[in-house]
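Number of protein chains: 2
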Amino acid sequence: MKIRDFRIHPIAIGDPPLRSSYGLHAPYALRTIVELISDDDIVGISETYGGEAQVRQLEELREQIVGANPYRLTGFLSPMVEGETGDVDRSQTWHVPGENPLDATTRTYAAIEVACLDLIGKTVGQPVCDLIGGRVREQVPFSAYPFYKHPGGGGEGHDVREDEYGEALSPEQLVSQVKKMVAQYGFTSIKFKAGVLEPEIEIETIKQLYRALGPNVPLRIDPNSAWTVETSVRVGKALAEELGRGGYLEDPTAGLENMAEVRKRLLAEGIETPLATNVAVTCFADIPRAVKLDAVQIILCDHHYWGGMRQVQQLARLAKTFDIGLSMHSNSHLGVSLMAMAHCAASTPHLTYACDTHYPWSAAADEVVKGGRVPIVDGCAKITDKPGLGVELDYDQLARGVERYKNCKYRKRDDEAEMRRHVDPKWKRLLPRW
Amino acid sequence: MKIRDFRIHPIAIGDPPLRSSYGLHAPYALRTIVELISDDDIVGISETYGGEAQVRQLEELREQIVGANPYRLTGFLSPMVEGETGDVDRSQTWHVPGENPLDATTRTYAAIEVACLDLIGKTVGQPVCDLIGGRVREQVPFSAYPFYKHPGGGGEGHDVREDEYGEALSPEQLVSQVKKMVAQYGFTSIKFKAGVLEPEIEIETIKQLYRALGPNVPLRIDPNSAWTVETSVRVGKALAEELGRGGYLEDPTAGLENMAEVRKRLLAEGIETPLATNVAVTCFADIPRAVKLDAVQIILCDHHYWGGMRQVQQLARLAKTFDIGLSMHSNSHLGVSLMAMAHCAASTPHLTYACDTHYPWSAAADEVVKGGRVPIVDGCAKITDKPGLGVELDYDQLARGVERYKNCKYRKRDDEAEMRRHVDPKWKRLLPRW
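Chains as they are written, first to last, in my numbering: chain A, 8 to 441; chain B, 8 to 441.
This is chain A alone, in the form it adopts within the complex (with noise of 0.2 Å):
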């Protein structure tokens, strides 16, 4: 069994005019698809992340994976995972996931090691989850990703998606969207993303979603290290109830020593809420010092940068000896991303917190999955019987994905500059900014 082809192509995809502290989400979000194609003329296909750099780290691997066998491919290739060191800084302080250059060779590697195992899969006729350990759930949940926004629904021109949402700029109107989103996907835990508005009206925020939902949907809020300190500790305090109950506070502050000082004067106030992060430990060597100095007690996987399922594995076992809660991390993202996550969730038994997934502010115009959107019911997706990642290929949803970005402008993700073009000509990222 031989990888006979490979193909790479780069596609746009709306995305709503979401908010963060890294700025706006541009009109369009960039992804990869990936297919290997056996000697069989069976297609194992992935999603990664989008834009020339990405194009380009794949398209130099060429020459190792036609040709490869598709079981082995994955060890021969196994030094882009391997050579990580912690001497540099891989953090997403400043680096959006996905345009950090210090991860490339993880990133690169997980793309061809989730198209093996769908290739894999789609030849043995088995789900890859079960070629990898053998899945421990079949319903994978997900949580709700609520994000302030401006109106639309993302697209740009001729091309603009419907706003199914609308704008949330407000407590009030971010309740909204969340009931919304509950209601069409079923998700029983809520992960919220902040850092954007003043720090009491995110509290405020968290606050009314708790009196909507009740004490039974477990809360999230990520700032993503746009808080001191001190605003991290006065926020965990404001929300110990609504944050305790099985949620939690992911990268208030920027930096291991912060996120530990924050976790040790939020005990010392009788505060368990447990701090998360995919910004201060984005590899694995980041942990040893993570753990010395306690100071997070979730780590968000995702296979798409920790270098592919396995690695998510090797991470959860790492966690769970550690005590360390497993959550997974979520960019913009198709169907293909979508059941990958949930392979890799489904063949990890330390997955403690529901995953985040930014799979509602994708559009059915834009799915690239054969058959359109894949189903989140009772916020799960379903690990079926299906071989491989369970998904195909829709080839001309695919060229149109192509096309778009063909005519887009966008080449990278850069929300700080998407921020300077549509909200403020002077906007700057800082760290902290409250």
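It should be emphasised that the hints constitute simulated quantities derived from the structure, not laboratory data.
Don't take every hint at face value.
[Claimed, not checked] Listed next, the in silico PhoX-like pairs over lysine-lysine satisfying Cα-Cα at most 20 Å (straight line):
hint: 1; chain 1: B; residue 1: K214; chain 2: B; residue 2: K186
hint: 2; chain 1: B; residue 1: K377; chain 2: B; residue 2: K393
hint: 3; chain 1: B; residue 1: K299; chain 2: A; residue 2: K299
hint: 4; chain 1: A; residue 1: K393; chain 2: A; residue 2: K377
hint: 5; chain 1: A; residue 1: K299; chain 2: A; residue 2: K271
hint: 6; chain 1: A; residue 1: K393; chain 2: B; residue 2: K9
hint: 7; chain 1: A; residue 1: K9; chain 2: B; residue 2: K393
hint: 8; chain 1: A; residue 1: K214; chain 2: A; residue 2: K187
hint: 9; chain 1: A; residue 1: K435; chain 2: A; residue 2: K419
[Stated by the list, open to error] To spell it out: a stretch of chain B is covered by chain A in this simulated footprint if at least three of its residues, at any positions, have a beta carbon under 8 Å from a beta carbon of chain A; those stretches are:
hint: 10; stretch: 73-80
hint: 11; stretch: 138-148
hint: 12; stretch: 286-294
hint: 13; stretch: 310-322
hint: 14; stretch: 327-334
hint: 15; stretch: 346-360
[Unchecked claim] Cβ-to-Cβ under 10 Å is the rule here; a few derived chain B residues that face chain A:
hint: 16; residue: M8
hint: 17; residue: P86
hint: 18; residue: V88
hint: 19; residue: E89
hint: 20; residue: E120
hint: 21; residue: C123
hint: 22; residue: T130
hint: 23; residue: Q133
hint: 24; residue: P134
Treat the numbers as computed from the prediction; the structure is a model and nothing was measured.
The beta carbon of each residue, even a glycine, is placed where N, CA and C say it ideally should be.
Following the hints, position chain B against chain A.
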């Protein structure tokens, strides 16, 4: 694809009268050969610890195994490895490996995992190492494993094995044993089982080995916790040069605190010889304290009791993350285990030392692998393109092993009883002895 049959074969194999701080090896070592037969009549095999308890623990899984899909069985049974806890002492300080009731589930799980992987590999025509991430090496290095021993090659009555190596109860005899082993197998590193004679004699043994083999052959010494902290430090100092060149001091003393004390004192003397363990750290739950105390710098993995090959890969990732080396532990075994160890090692990037193996201590008469003994050439077992583990069963040989089991009186490993029977009727394991 379903498992239609599950066969458990308890066997006995000749084992020479090897000595360790646990006592004396019995004339027979007990092993269990597991077969999983698919509805396509393909057979997946594994080898694990032997004796009545192991057979019973495997037998208890029959209902869950027969009818299962081998791709999914490992996920379904994963509570057997996920349930481990740090609240109980699972150390091998007093239990010989394979006789610890507290790792019964991880041991039993591992036997099933490996047989599933062999079955899958033989079904799809791929080697096991390539099913679990892909080979990162094709030549898997093993160490010579010299023991002090009494005359005899193993077996009883009319069923005795040739004594290939003769008696070794002095430094000179031990050196001659090693030379013979190295000449035959090409080993390029040496693991010496100590804790048997006075420490001064064991120091002298290592010094003679060093002189005989030169500074480029890494030397390890493993007294299985037989020494006090004082003695451990004394030996570490006496052998600073000999163990310091890529070798290590393995389990000199019992307990993580004592190990940490030895490390601290050696470092204070400027001696950086790392400490290794397969006694103080036998499961993931042991690791946080080991890290905190800097008690061990090398962990000996063993898929047989760590819960299988994927757990070993996870252990390796954890070890790499915390800058801990990884070596591999061995017990008396045949070619099925040798190849499982080799496939596991071949797909584990962070394996930083040659693996232990007892294989030279087993005899061709006992090998159950078709074609006879697996070759170790230049100290390495070779990973080939053969599917699964790359070995199949010789059913005549297997039947002889089962017959041997039925006819012998041993039903579990008890080196202390054996020592009393053959060497000293009053012998007791003492920790520390020196």
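The hints, checked one at a time:
1. B:K214 with B:K186: holds, 14 Å
2. B:K377 with B:K393: holds, 13 Å
3. B:K299 with A:K299: holds, 8 Å
4. A:K393 with A:K377: holds, 13 Å
5. A:K299 with A:K271: holds, 13 Å
6. A:K393 with B:K9: holds, 16 Å
7. A:K9 with B:K393: holds, 16 Å
8. A:K214 with A:K187: holds, 18 Å
9. A:K435 with A:K419: With Cα atoms ~18 Å apart, K435 (chain A) and K419 (chain A) stay inside 20 Å; holds.
10. 73-80: holds (count 4)
11. 138-148: Contact hint for the stretch 138-148 of chain B vs chain A: holds, 5 residues under 8 Å.
12. 286-294: holds (count 3)
13. 310-322: holds (count 5)
14. 327-334: With 4 residues in contact (Cβ-Cβ under 8 Å with chain A), the coverage given for the stretch 327-334 of chain B holds.
15. 346-360: Answer holds; 3 residues pass the 8 Å Cβ test.
16. M8: holds, 8 Å
17. P86: Given a least distance of 8 Å, the restraint on P86 (chain B) holds.
18. V88: With a minimum Cβ separation of about 8 Å from chain A (threshold 10 Å), the hint on V88 (chain B) holds.
19. E89: For E89 (chain B), the interface hint holds, since the closest Cβ of chain A sits about 5 Å away, which is under 10 Å.
20. E120: holds, 9 Å
21. C123: holds, 9 Å
22. T130: At about 8 Å, which falls below the 10 Å cut-off, the nearest Cβ of chain A leaves the hint on T130 (chain B) intact, so it holds.
23. Q133: holds, 5 Å
24. P134: Where the cut-off is 10 Å and the nearest Cβ of chain A is about 8 Å from P134 (chain B), the hint holds.
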